[in-house]
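Sequences and hints are given; from them, build the entire structure.
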Amino acid sequence: MCAAKAITGNLFERRTVSVLPPLPLAGPYDYVVPEGLDIQPGDFVEIPLGRQTQRGVVWGDARGDVDPAKLREIYGVLPAAPMPAVTRRFIDWVSAYTLSPQGAVLRMAMSVTDALEAPKPVFRFGLAHGMAESQGNMRMTPARKRILSLLADHPSLEQGDILQETGTSASVLKGLVDAGVIRREQVAPPSPFALPDLSIPRPDLSLDQEKAADFLCEKVDAGGFSAILIDGVTGSGKTEVYFEAVRAALAQGKQVMVLLPEIALSAQWLQRFRDRFGVEPALWHSEVGQARRRETWRAVADGSARLVVGARSALFLPYRDLGLIVVDEEHEHAFKQEDGVIYHARDMAVARGHLGGFPVMLASATPSLETLANVEAGRYERVVLGQRHGVAVLPSVEIVDIRVDKPERQRWITPTLKQRLMETFAAGEQAMLFLNRRGYAPLTLCRACGHRFQCPNCTAWLVEHRAWGKLQCHHCGYSAKIPDACPACGAEEKLAPCGPGVERLYEEAIQTFPDLKIEVATSDNIAGPKAAAALVGRVHNQEVDLLIGTQILAKGYHFPMLTLVGVIDADLGLAGGDLRAAERSYQLLTQVAGRAGRGERPGTVLLQTADPSNRVIKAIAAGDRDAFDQVELAERMKYGMPPHGKLAALIVSGKKENEVDEAAWRIGRVAPRGDGIVVLGPAPAPLSLLRGRFRRRFLLRTDKSVKVQAVIQDWLSRVKTPGSVRVQIDIDPYSFM
Numbered sequence: 001m002c003a004a005k006a007i008t009g010n011l012f013e014r015r016t017v018s019v020l021p022p023l024p025l026a027g028p029y030d031y032v033v034p035e036g037l038d039i040q041p042g043d044f045v046e047i048p049l050g051r052q053t054q055r056g057v058v059w060g061d062a063r064g065d066v067d068p069a070k071l072r073e074i075y076g077v078l079p080a081a082p083m084p085a086v087t088r089r090f091i092d093w094v095s096a097y098t099l100s101p102q103g104a105v106l107r108m109a110m111s112v113t114d115a116l117e118a119p120k121p122v123f124r125f126g127l128a129h130g131m132a133e134s135q136g137n138m139r140m141t142p143a144r145k146r147i148l149s150l151l152a153d154h155p156s157l158e159q160g161d162i163l164q165e166t167g168t169s170a171s172v173l174k175g176l177v178d179a180g181v182i183r184r185e186q187v188a189p190p191s192p193f194a195l196p197d198l199s200i201p202r203p204d205l206s207l208d209q210e211k212a213a214d215f216l217c218e219k220v221d222a223g224g225f226s227a228i229l230i231d232g233v234t235g236s237g238k239t240e241v242y243f244e245a246v247r248a249a250l251a252q253g254k255q256v257m258v259l260l261p262e263i264a265l266s267a268q269w270l271q272r273f274r275d276r277f278g279v280e281p282a283l284w285h286s287e288v289g290q291a292r293r294r295e296t297w298r299a300v301a302d303g304s305a306r307l308v309v310g311a312r313s314a315l316f317l318p319y320r321d322l323g324l325i326v327v328d329e330e331h332e333h334a335f336k337q338e339d340g341v342i343y344h345a346r347d348m349a350v351a352r353g354h355l356g357g358f359p360v361m362l363a364s365a366t367p368s369l370e371t372l373a374n375v376e377a378g379r380y381e382r383v384v385l386g387q388r389h390g391v392a393v394l395p396s397v398e399i400v401d402i403r404v405d406k407p408e409r410q411r412w413i414t415p416t417l418k419q420r421l422m423e424t425f426a427a428g429e430q431a432m433l434f435l436n437r438r439g440y441a442p443l444t445l446c447r448a449c450g451h452r453f454q455c456p457n458c459t460a461w462l463v464e465h466r467a468w469g470k471l472q473c474h475h476c477g478y479s480a481k482i483p484d485a486c487p488a489c490g491a492e493e494k495l496a497p498c499g500p501g502v503e504r505l506y507e508e509a510i511q512t513f514p515d516l517k518i519e520v521a522t523s524d525n526i527a528g529p530k531a532a533a534a535l536v537g538r539v540h541n542q543e544v545d546l547l548i549g550t551q552i553l554a555k556g557y558h559f560p561m562l563t564l565v566g567v568i569d570a571d572l573g574l575a576g577g578d579l580r581a582a583e584r585s586y587q588l589l590t591q592v593a594g595r596a597g598r599g600e601r602p603g604t605v606l607l608q609t610a611d612p613s614n615r616v617i618k619a620i621a622a623g624d625r626d627a628f629d630q631v632e633l634a635e636r637m638k639y640g641m642p643p644h645g646k647l648a649a650l651i652v653s654g655k656k657e658n659e660v661d662e663a664a665w666r667i668g669r670v671a672p673r674g675d676g677i678v679v680l681g682p683a684p685a686p687l688s689l690l691r692g693r694f695r696r697r698f699l700l701r702t703d704k705s706v707k708v709q710a711v712i713q714d715w716l717s718r719v720k721t722p723g724s725v726r727v728q729i730d731i732d733p734y735s736f737m
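Position 414 of the sequence shown, counting from 1, maps to 414 under the UniProt record's numbering, and the rest follow consecutively.
Please note that a few of the clues may not be correct.
Derived CB-CB ranges, DEER-like [unchecked claim]:
1) Gln-542 <-> Lys-655: 52 to 58 Å
2) Asp-67 <-> Arg-691: 38 to 44 Å
3) Ala-179 <-> Gly-223: 55 to 61 Å
4) Gln-54 <-> Gly-723: 19 to 25 Å
5) Glu-398 <-> His-540: 23 to 29 Å
6) Gln-713 <-> Gln-54: 25 to 31 Å
7) Gly-76 <-> Val-678: 50 to 56 Å
8) Lys-618 <-> Val-393: 17 to 23 Å
9) Pro-119 <-> Glu-165: 20 to 26 Å
10) Pro-415 <-> Lys-655: 50 to 56 Å
11) Arg-691 <-> Trp-93: 27 to 33 Å
12) Gly-340 <-> Gly-499: 30 to 36 Å
13) Asp-624 <-> Asp-197: 41 to 47 Å
14) Asp-197 <-> Gly-223: 22 to 28 Å
Straight-line C-alpha distance at most 27 Å; calculated DSSO-like pairs for lysine-lysine [to be verified]:
15) Lys-494 <-> Lys-470
16) Lys-618 <-> Lys-638
17) Lys-656 <-> Lys-720
18) Lys-336 <-> Lys-704
19) Lys-481 <-> Lys-494
20) Lys-481 <-> Lys-470
21) Lys-336 <-> Lys-638
22) Lys-530 <-> Lys-517
23) Lys-336 <-> Lys-707
24) Lys-517 <-> Lys-470
25) Lys-418 <-> Lys-406
26) Lys-406 <-> Lys-618
27) Lys-655 <-> Lys-720
28) Lys-530 <-> Lys-470
29) Lys-655 <-> Lys-336
For the record, the hints were derived by calculation from the structure and aren't laboratory data.
All C-beta atoms in this analysis are idealised placements derived from N, C-alpha and C, irrespective of residue type, glycine included.
What follows is the structure, encoded as structure tokens:
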């Protein structure tokens, strides 16, 4: 460790260390270790920072760039397990890769600050040694006798259990303790997470599944880093296959992390886990309450939480001995965090496995092109599951040209789809209508003057939610009551919804099939595990005939009697300047189609489109993913786009448009130039106003050999921007809004 002179001016040497607080700071600060205090790297400590007391993590040796006489002392060490060295290395790596301040990344790993406090003490009560002697000096009431009788059959119990079993009060128990008849001892708090039962027999696997499971288990048993793509069609049993790898890691005493794109909505996945391992996993997502988050954080740190299932933030928990990561639905856009520290959880999971020296498994029926490119380059391995499990077969896909097979005016269900729905219901089967638009209509305008309702904080139309009587922005959350008259011209009864949302589709379905049980499923009304589990139960019990929903229905649901999927607008998402529009549309529509025919009855998918010759639509209808991937990769190669090149975005934003434009102009003047480097912009972002901030974008495109982070650091070091303007860096951007 680096030594420095005591801050008191004494001549003896004092030890100094660097401490990183969870604040958006570039790096750790140096502090003096008080005499007699044993501090090691990874310890959570309290420090003075300015006029405040802050918490942080001892990061290592002092940097030595501050006069030792100016250093302040650490206040003390917090009673929490030290942050493992591999977690600290991971934080450093994420910071360097995303060009985010180290402290901002650390804040994600210290998201539950009260978990650093000592847990509430737990006491148990039992019969004291020599109690007979003490008992002879006190009067035995019926209540006291009941407590002694209970404890005669149990070595020790907690107070709540004693009082509940005996129907006595705490004062009676306290009297027995004071008399020396009963002993009171503090014990370690029990873990809230039971150990998985590894003796439960696995379900029957097909030959392909068994081969894939054996290969994955071999990777776990061999140890060391590896990245494996589990490439299986929808319904092929990918989950049961990687459960075998999970079991192998747990058998080694390792911790396991499974990342799901929307854990709050994964009710069926959680039930399958309970069936396979006999216990609940530790959950980590935004719907988990604060008390449970505190318990989970501590259990991960001490190793008693053996398996964590979570959203992307679960990556930053302080695992004591992590031995396997599984990223399910690895292609999902939800794994990309767009605010704060901007990162892609799939890519960070691979980095975490590399740093920890253990396998990372990526599962998908529609793998991302980046993952496929890594397979082709030999960086990732792949196991393939090309058939659905059991008797189920992939659904047939038909294209419905809405230019020919036209719906009625102000209707969205074509005659062909309506006929297929009637046939499905007559057979006692279930159907799904998919439309990736929440609300009643994506736009409301005045037929008298043409006024369109726009969000005052964003460059976005307000979405009508007729069920709530509101117009809402889906970007910033702004909402307003639907007015009775146009605010621009005052005309009454002239406001018209334009285009369909799922609420409007529901209205049409109710009118078309008045005797059916119809439900809508969106993130507006399926907001957590309980709501999702209740929906799954109703569908399985055939309390629902027709399910209408958005993309949340595309994520792995298994409904055996659902045999027909109708995609209302298959063209939605294909247009625009998004690099990944075609890839994302193909993935989403394929996943939605995969909900049909997962049981014994065959399934059918109808794609309603105005562009039946579109290569995405044709590829889905043909079931030819490889052909689509090859064409898409060739297009990317032609323009040097990922995965054949690198991209980074710079988003310049602020509350004053003139300041943003001035800052963007200055940044653009010193933009990097050279072989393999192209800078596009500045240009207004498609959402040029978002949450009250004006936005301009740069797009940096480079060859794969270029170190993008170094280019950006050098670029921004040559220009100064005012404090009122923010420059966000997005390495490997997924959103171009």
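Results of checking the hints against the structure:
1. A C-beta distance of roughly 53 Å is found between Gln-542 and Lys-655, which places it inside the suggested range of 52 to 58 Å.
2. The beta-carbon spacing between Asp-67 and Arg-691, approximately 42 Å, falls within the hinted interval of 38 to 44 Å.
3. The hinted range of 55 to 61 Å is satisfied by Ala-179 and Gly-223, whose Cβ atoms lie roughly 57 Å apart.
4. The beta-carbon spacing between Gln-54 and Gly-723, approximately 22 Å, falls within the hinted interval of 19 to 25 Å.
5. Glu-398 and His-540 have their C-beta atoms about 27 Å apart, which keeps the hinted 23 to 29 Å range intact.
6. Hint check: Gln-713 to Gln-54, Cβ distance near 27 Å, so the stated range 25 to 31 Å holds.
7. Roughly 53 Å separates the CB atoms of Gly-76 and Val-678, a value that falls within the hinted 50 to 56 Å.
8. Against the hinted window of 17 to 23 Å, the Cβ-Cβ separation of Lys-618 and Val-393 comes to about 21 Å, which satisfies the hint.
9. In this structure the supplied range 20 to 26 Å holds for Pro-119 paired with Glu-165, their Cβ-Cβ distance being about 25 Å.
10. One distance hint, 50 to 56 Å for the beta-carbon pair Pro-415 and Lys-655, holds here, with the actual separation near 51 Å.
11. Checked against the hint of 27 to 33 Å, the C-beta distance between Arg-691 and Trp-93 comes to roughly 30 Å, which is consistent with it.
12. Taking 30 to 36 Å as the suggested C-beta distance range, the pair Gly-340 and Gly-499 conforms, at roughly 33 Å.
13. One distance hint, 41 to 47 Å for the beta-carbon pair Asp-624 and Asp-197, holds here, with the actual separation near 42 Å.
14. About 24 Å separates the C-beta atoms of Asp-197 and Gly-223, a value consistent with the hinted range of 22 to 28 Å.
15. Distance check on the hinted pair: Lys-494 and Lys-470 sit about 17 Å apart at the alpha-carbon level, within 27 Å; holds.
16. A hinted pair counts as satisfied when its Cα atoms are at most 27 Å apart, and Lys-618 with Lys-638 qualifies at roughly 22 Å.
17. Pair hint Lys-656 plus Lys-720 holds up; C-alpha atoms about 17 Å apart against a cutoff of 27 Å.
18. A distance of roughly 21 Å separates the Cα atoms of Lys-336 and Lys-704; the hinted pair therefore holds under the 27 Å criterion.
19. Proposed proximity of Lys-481 and Lys-494 is supported: the alpha carbons are some 16 Å apart, at most 27 Å.
20. For the hint pairing Lys-481 with Lys-470, the CA-to-CA distance comes to about 5 Å; that is within 27 Å, so the pair holds.
21. As the CA atoms of Lys-336 and Lys-638 are separated by approximately 25 Å, the hinted pair is consistent with the 27 Å bound.
22. Between Lys-530 and Lys-517, the direct Cα distance comes to roughly 21 Å. Compliance with the 27 Å bound is thereby established for this hinted pair.
23. Between the alpha carbons of Lys-336 and Lys-707 the distance comes to roughly 21 Å, so the proposed pair stays at or under 27 Å and holds.
24. In summary, the hint linking Lys-517 to Lys-470 is supported, as the alpha carbons are separated by about 26 Å, within the 27 Å threshold.
25. Note on Lys-418 and Lys-406: the hinted pairing holds, with a Cα-Cα distance of about 12 Å set against a maximum of 27 Å.
26. Straight-line distance between C-alpha atoms of Lys-406 and Lys-618 comes to about 20 Å, which keeps the hinted pair within the 27 Å bound.
27. For the given pair, Lys-655 sits about 18 Å from Lys-720 by alpha-carbon distance, which is consistent with the 27 Å threshold.
28. For the proposed pair Lys-530 and Lys-470, the alpha carbon gap of about 26 Å is at most 27 Å, so the pair holds.
29. Simply put, Lys-655 and Lys-336 have alpha-carbon atoms about 25 Å apart, close enough for the 27 Å limit, and the pair holds.
In the structure shown, no violation is registered for any of the earlier numbered hints.
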